[in-house]
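Colleague: Chains A and B supply the protein sequences, listed in that same order.
Take 148 as the starting number for the first sequence in my numbering and just add one per residue.
Take 148 as the starting number for the second sequence in my numbering and just add one per residue.
The hints are simulated quantities; they were obtained by calculation from the structure and are not laboratory data.
Bear in mind that the values here come from a model prediction, so they are computed numbers and not experimental data.
Among the hints, erroneous ones may be present.
Any copy, or any two copies together, can satisfy a pair, since identical chains are not distinguished.
Derived BS3-like pairs: lysine-lysine, alpha-carbon spacing no greater than 30 Å straight-line [to be verified]:
(1) 316 - 259
(2) 266 - 157
(3) 259 - 314
(4) 259 - 319
(5) 319 - 270
(6) 241 - 173
(7) 266 - 219
(8) 170 - 151
(9) 259 - 169
(10) 169 - 235
(11) 319 - 219
(12) 271 - 314
(13) 270 - 219
(14) 169 - 266
(15) 270 - 217
(16) 157 - 227
(17) 227 - 217
(18) 271 - 316
(19) 173 - 259
(20) 259 - 170
(21) 319 - 169
Protein chains: 2
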Amino acid sequence: MPTKGESTKKMIIDTAAGLFSKKGFKDVSMTDICEATGLSRGGLYRHFSSTSEIFIRLISTEQSFNERIKAKEKAADILKDALSELEKEILDPKRSLSLAIYEFASIDDNRKLFTDLEKKARKKWMDLISYGIETGEFNPVDPEEIAELLLYYYQGIRMWSRVTDIKRKSAKNYSNLILRMLTGEDK
Amino acid sequence: MPTKGESTKKMIIDTAAGLFSKKGFKDVSMTDICEATGLSRGGLYRHFSSTSEIFIRLISTEQSFNERIKAKEKAADILKDALSELEKEILDPKRSLSLAIYEFASIDDNRKLFTDLEKKARKKWMDLISYGIETGEFNPVDPEEIAELLLYYYQGIRMWSRVTDIKRKSAKNYSNLILRMLTGEDK
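Isolated chain A, as found in the complex (with noise of 0.2 Å):
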């Protein structure tokens, strides 16, 4: 069970999530987030000592693939779950950070921060690629490109579902056109 501690910072993160989607980075303020959380300065202050903490600490908490290919489940199955859990973002445009990561990545210098974050995402999905095609399940595509391919697209329509609307069937496209790619077949 998580501590009391931890809790909190899981809620203190969450609920920046939220600000951090509506109004970008620049604008939100720790007053904010005491105010949004309910905590005190203090009680805020004794988890995070700025916006810029609570927001690595937000962004890095990607997951890989790596259990679920231990457990040599099928690769198929994985991309798919992985599919439906990117299309159920690109539907909910709320919770884009992509305003915020880049009014971040321009206000401080945190190019090697994304450069480990652009490393890892590749490497997730290169090694799930990777993993799919020794299984057989996956053509024998160019995982590097394939991994581009998804890192790049997703982050394009996540970009424009902040301006526009994006319709359900974009985000079926997403899905199928790599899904095609990959396996052949469509969703």
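With chain A fixed as given, assemble chain B onto it according to the hints.
Modeller: Leaving out everything else, chain B in the frame of chain A:
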């Protein structure tokens, strides 16, 4: 030949583009644009009444492929030229307006503007893809699916180019993937 007023307008838009790329939308003021262009306040306001007006003009200038299609040029040639152009843009992150676009969208209610822009860009690509399918140069893909891939993948890679180093290989991966999906060949 453009009139003096037209060239001043163009100079203002070009200069402002540099500022918006660097600082986003929120942090650029009319005063900044006066300073960067060397115009007086009166000189600038004669042409534009706000940074919004300049910005809208800037992002609304995309050219369609219609003239080249009417001239019956080869679809593959039009596509290759367009992809080379996009590759160049990807490798020039200093000219990325992504941050400014999303800041602009989050400040004012510009949903309609962006919906129109997206529709226009989507149509432009769908027209080219449909034309190439008609002439038999392109595979019988779903034009809308590939148009979305083109647009969103591009936007995503542009966003990442602001915060990490996008390598020449990633720009090539983008255009090669699209070329291969449409024509079956690599560049």
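Colleague: Look at each hint and say if it fits the structure.
Modeller: Taking the hints in turn, this is what the structure says about them:
1. Only between protomers do residue 316 and residue 259 lie at most 30 Å apart by alpha-carbon distance; the minimum there is 20 Å, versus 35 Å within a single protomer.
2. In this assembly of identical chains, the alpha carbons of residue 266 and residue 157 lie at most 30 Å apart only when taken from the same copy (25 Å versus 40 Å across copies).
3. Proximity of residue 259 to residue 314 under the C-alpha cut-off of 30 Å is restricted to the inter-copy arrangement: shortest distance 15 Å between copies versus 34 Å within a copy.
4. Taking the closest pair of Cα atoms, residue 259 and residue 319 come within 30 Å of each other only across two copies (23 Å); inside a single copy the shortest separation is 33 Å, beyond that limit.
5. Taking the shortest Cα distances, residue 319 and residue 270 sit within 30 Å of each other both inside one copy (24 Å) and across copies (19 Å).
6. Taking the closest pair of Cα atoms, residue 241 and residue 173 come within 30 Å of each other both inside a single copy (17 Å) and across two copies (21 Å).
7. Taking the shortest alpha-carbon separations for residue 266 and residue 219, only the intra-copy value of 24 Å comes in at or below 30 Å, while the best inter-copy value is 43 Å.
8. Within a single copy, residue 170 and residue 151 get their C-alpha atoms as close as 28 Å, which meets the 30 Å cut-off; across copies the closest is 41 Å, which misses it.
9. Taking the shortest Cα distances, residue 259 and residue 169 sit within 30 Å of each other both inside one copy (25 Å) and across copies (19 Å).
10. When the C-alpha separation of residue 169 and residue 235 is checked against a cutoff of 30 Å, the pair qualifies only within one copy, where the shortest distance is 18 Å, while the shortest distance between copies is 32 Å.
11. With identical chains, the CA atoms of residue 319 and residue 219 are at most 30 Å apart within one copy only, with a shortest distance of 27 Å there and 34 Å across copies.
12. For the homomeric pair residue 271 and residue 314, the shortest alpha-carbon distances inside one copy (27 Å) and between copies (19 Å) are both at most 30 Å.
13. With identical chains, the CA atoms of residue 270 and residue 219 are at most 30 Å apart within one copy only, with a shortest distance of 18 Å there and 44 Å across copies.
14. Taking CA atoms no more than 30 Å apart as the test, residue 169 paired with residue 266 passes in both settings, with 27 Å inside one copy and 24 Å between copies.
15. In this assembly of identical chains, the alpha carbons of residue 270 and residue 217 lie at most 30 Å apart only when taken from the same copy (16 Å versus 45 Å across copies).
16. Only within a single protomer do residue 157 and residue 227 lie at most 30 Å apart by alpha-carbon distance; the minimum there is 28 Å, versus 49 Å between protomers.
17. Proximity of residue 227 to residue 217 under the C-alpha cut-off of 30 Å is restricted to the intra-copy arrangement: shortest distance 17 Å within a copy versus 42 Å between copies.
18. With identical chains, the CA atoms of residue 271 and residue 316 are at most 30 Å apart both within one copy (26 Å) and between copies (19 Å).
19. When the C-alpha separation of residue 173 and residue 259 is checked against a cutoff of 30 Å, the pair qualifies both within a copy, at 20 Å, and between copies, at 25 Å.
20. For a Cα distance limit of 30 Å, the shortest separation of residue 259 from residue 170 qualifies both inside one copy, at 24 Å, and across copies, at 20 Å.
21. In this assembly of identical chains, residue 319 and residue 169 lie within 30 Å of each other by CA distance solely inside one copy; the values are 25 Å within and 34 Å between copies.
In summary, the structure agrees with every hint in the numbered list given earlier.
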